[in-house]
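**Student:** Chains as they are written, first to last, in numbering that gives the first Met the number 0: chain A, 0 to 69; chain B, 0 to 69; chain C, 0 to 69; chain D, 0 to 69; chain E, 0 to 69; chain F, 0 to 69.
Keep in mind that the hints are not guaranteed to be accurate.
It does not matter which identical chain is used: a pair holds within one copy or between any two.
[Stated by the list, open to error] Here are the computed lysine-lysine pairs in the DSSO-like style, where the Cα-Cα straight-line distance is at most 30 Å:
| id | residue 1 | residue 2 |
| --- | --- | --- |
| 1 | Lys17 | Lys1 |
| 2 | Lys1 | Lys52 |
| 3 | Lys17 | Lys52 |
It is worth saying that the hints were derived from the structure and are not from the lab.
Just so we're clear, the structure is a prediction, and the values are computed from it rather than from any experiment.
Number of protein chains: 6
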Amino acid sequence: MKLSARNMLQGTVSDVRKDGVAAQVQIDIGGGNVITSTITADSANRLGLENGKAVTVVVKASDVILAVDD
Amino acid sequence: MKLSARNMLQGTVSDVRKDGVAAQVQIDIGGGNVITSTITADSANRLGLENGKAVTVVVKASDVILAVDD
Amino acid sequence: MKLSARNMLQGTVSDVRKDGVAAQVQIDIGGGNVITSTITADSANRLGLENGKAVTVVVKASDVILAVDD
Amino acid sequence: MKLSARNMLQGTVSDVRKDGVAAQVQIDIGGGNVITSTITADSANRLGLENGKAVTVVVKASDVILAVDD
Amino acid sequence: MKLSARNMLQGTVSDVRKDGVAAQVQIDIGGGNVITSTITADSANRLGLENGKAVTVVVKASDVILAVDD
Amino acid sequence: MKLSARNMLQGTVSDVRKDGVAAQVQIDIGGGNVITSTITADSANRLGLENGKAVTVVVKASDVILAVDD
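Okay, chain A solo, but in the shape it has when bound:
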């Protein structure tokens, strides 16, 4: 499957926390960077997310904000 979403980064799950509806997942993408994703707890279960699992971080280009120093 190919996605229109432009941004895909390889990483490894380093933390999963769930409550009734939501899950917060942390993904180590290397270089000292950790990405945080909030998805549904159902999706975290369906994808079998747990520490050490390889995942791809996907972000649509229109959801990327840029910042520069003043």
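Based on the hints, put chains B, C, D, E and F in the right spot on chain A.
**Tutor:** Below, chains B, C, D, E and F alone, put in the same frame as chain A:
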């Protein structure tokens, strides 16, 4: 300024393309990864985005989708 | 590849329009419903989107707004 | 009221689950397709969402990702 | 129609700019604040957006980022 | 820090509610308008959000939907 957005990656602008309303900006974040952002052309001008400029990529956790291999 | 995004609908491309940065793609998902997606023109080219091509519409649950009649 | 959001699908609520902040709502849009939406629990209450209620699914075109088979 | 989206601000269109796919619309919401929205040019036409027209700005709570001074 | 996000409104936190993963924050922006933001509970803690704290509401232009009366 501190942001609630969880994900911030340092990079360098490697390409800017603009049309009447939109701009597509590519940011080299190292490790062979390039992030693409679509913002308004006005914002690209206001931030002075051009090749080589240091920028921070900002993504809200709720905009991060995860994918796993089957 | 399995995605955390909850919503996936099968359809067929019925229109593609591009300008310098953006593309607007219409997808017939049957039952008289047409979905409109805006992606980058680059992605439309990379995915080979053209009339008649089978595509999957993907939407993250947090991007779905609900409306009810008053 | 007319919305700039391009995508509107008619459906019926088939499940509502709430925790302290969030609600996960499932909407049967026919043709064997179920849409999942995450909104605030407050909004689920304010709209009176419960099984069997008619709702409209609203998605902005810029939040629609497309996928094609390899 | 009632929307699950939590944020609705009344305003007046103060500028509309369109290209092939996208439109950038500015909305004066009073108090010296102007909101910028990017929608499709088709939607801008369908809603009859032009200077002076009354509009409601709608934003889903999950799309609101917060910032605080250091 | 300057952001590509076009919309920034000054306000004051008027309510914070948290559960395991998510936080719902209400911000009084004056003129009788209250903005609701859902962010992670971690971010609400990291930013020290509590009633009376000054915050800036940030919204990317592509996340702004417009509505007009019929």
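**Student:** For each hint, tell me whether it holds in the structure or not.
**Tutor:** Cross-check of the supplied hints:
1. Lys17 x Lys1: For Lys17 and Lys1, the Cα distance is within 30 Å both inside one copy (29 Å) and across copies (19 Å).
2. Lys1 x Lys52: Both ways: Lys1 and Lys52 sit 21 Å apart in one copy and 13 Å across, limit 30 Å.
3. Lys17 x Lys52: both (16 Å within a copy, 28 Å between copies)
Violated hints: none; the structure is consistent with every hint.
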